[in-house]
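Enquirer: Assemble the whole structure, with the sequences as input and the hints as a guide.
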Amino acid sequence: MGAELIATTATKMVYRDGDKAIKVFNADFPKAEVLNEALITARVEETGGINVPKVLEVSVFEGKWSITYDFIEGKTLKQLMDENPEKLPEYMDMMVDLHLSIMSKHCPLLNKLKDKMNRQVADMDEFGEASRYDMQTRLDGMPKHTKLCHGDFNPSNIIVTDDQTMYVLDWVHATQGNASADVARTYLLFSLQDKKKADMYMDVFCKKTGTAKKYVQSWLPIVAAAQLSKKRPEEVELLNQWANVFEYQ
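Note that this note's numbering has the sequence shown beginning at 1, numbered continuously upward.
Keep in mind that the hints were calculated from the coordinates and are not lab data.
Mixed in with the good hints, there may be bad ones.
[Unchecked claim] EDC-like, lysine to aspartate or glutamate: derived pairs with alpha carbons at most 20 Å apart:
| hint | residue 1 | residue 2 |
| --- | --- | --- |
| 1 | K75 | D199 |
| 2 | K75 | E46 |
| 3 | K230 | D125 |
| 4 | K208 | D93 |
| 5 | K20 | D170 |
| 6 | K12 | D28 |
| 7 | K197 | D97 |
| 8 | K87 | D199 |
| 9 | K147 | D97 |
| 10 | K112 | D123 |
| 11 | K78 | D170 |
| 12 | K12 | E33 |
| 13 | K195 | E90 |
| 14 | K54 | D17 |
| 15 | K87 | D162 |
| 16 | K75 | D163 |
| 17 | K112 | E46 |
| 18 | K197 | D93 |
[To be verified] Pairwise CB distance ranges (calculated):
| hint | residue 1 | residue 2 | range |
| --- | --- | --- | --- |
| 19 | F61 | K105 | 17 to 25 Å |
| 20 | D125 | P89 | 35 to 43 Å |
| 21 | S156 | S101 | 13 to 21 Å |
| 22 | E237 | K213 | 20 to 28 Å |
These numbers were taken from a predicted model, which means no experiment stands behind them.
Every residue gets a Cβ at the ideal spot worked out from N, C-alpha and C, and that includes glycine.
Expert: Pasting the structure below:
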């Protein structure tokens, strides 16, 4: 492959080949998950009104599955936040507005967020059967919505072009569900790096939408518990802290 390596994670490598970005998964990465990512992204594309790198091809390279997307030239919003800390309030406004735009859409063929979280909680080994039942009962009692939820909405997944157009990457976790649950996930992702930014994000969202902060916070233990099922080493400590809050509520 005569392309430039631009990113590496535990499960994949991303290359740039001219105006294309090629995501090459590890040889042992499940085929079903690769195909599912391409399908979800295509469905979000078809929803319209969101800038998403288009899926161009799903293929196999040297025994490894890959997805080819449009390459988007620009900087991530995280880079801009790091380079221009004085503009953080402006960037937070932009990010919340983008999140609200996404959540104003509906994509009825996506999985339901509540169903996905129920499965994740059921798979947790960290809590006993009684705690898992209580969490699922709490989840079942939360309001049911069908808004488009990204599932991994953070500044690293937003590309800002030179003309300030924002593109959103990595839709593999997208579902339809409650907006405040998606905001709670973003809050937890921010908290991994900077609690002040996490609090600012939640404050801006609640102010713009008139949502009570306690309501968004009520999602945090449930979202944290569901995310623990993924067993991401960088998240386990923080998620355990929030999931354990449930035990005392």
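Enquirer: Each of the hints needs a verdict: does it hold here or not?
Expert: Structure-based check of each hint:
| no. | hint | verdict |
| --- | --- | --- |
| 1 | K75 <-> D199 | violated, 24 Å |
| 2 | K75 <-> E46 | violated, 25 Å |
| 3 | K230 <-> D125 | holds, 11 Å |
| 4 | K208 <-> D93 | holds, 9 Å |
| 5 | K20 <-> D170 | holds, 15 Å |
| 6 | K12 <-> D28 | holds, 10 Å |
| 7 | K197 <-> D97 | holds, 16 Å |
| 8 | K87 <-> D199 | holds, 16 Å |
| 9 | K147 <-> D97 | holds, 15 Å |
| 10 | K112 <-> D123 | holds, 17 Å |
| 11 | K78 <-> D170 | holds, 15 Å |
| 12 | K12 <-> E33 | holds, 12 Å |
| 13 | K195 <-> E90 | holds, 18 Å |
| 14 | K54 <-> D17 | holds, 15 Å |
| 15 | K87 <-> D162 | holds, 16 Å |
| 16 | K75 <-> D163 | holds, 11 Å |
| 17 | K112 <-> E46 | holds, 18 Å |
| 18 | K197 <-> D93 | holds, 12 Å |
| 19 | F61 <-> K105: 17 to 25 Å | violated, 33 Å |
| 20 | D125 <-> P89: 35 to 43 Å | holds, 41 Å |
| 21 | S156 <-> S101: 13 to 21 Å | holds, 19 Å |
| 22 | E237 <-> K213: 20 to 28 Å | holds, 24 Å |
When each numbered hint is compared with the structure, violations occur for hints 1, 2 and 19.
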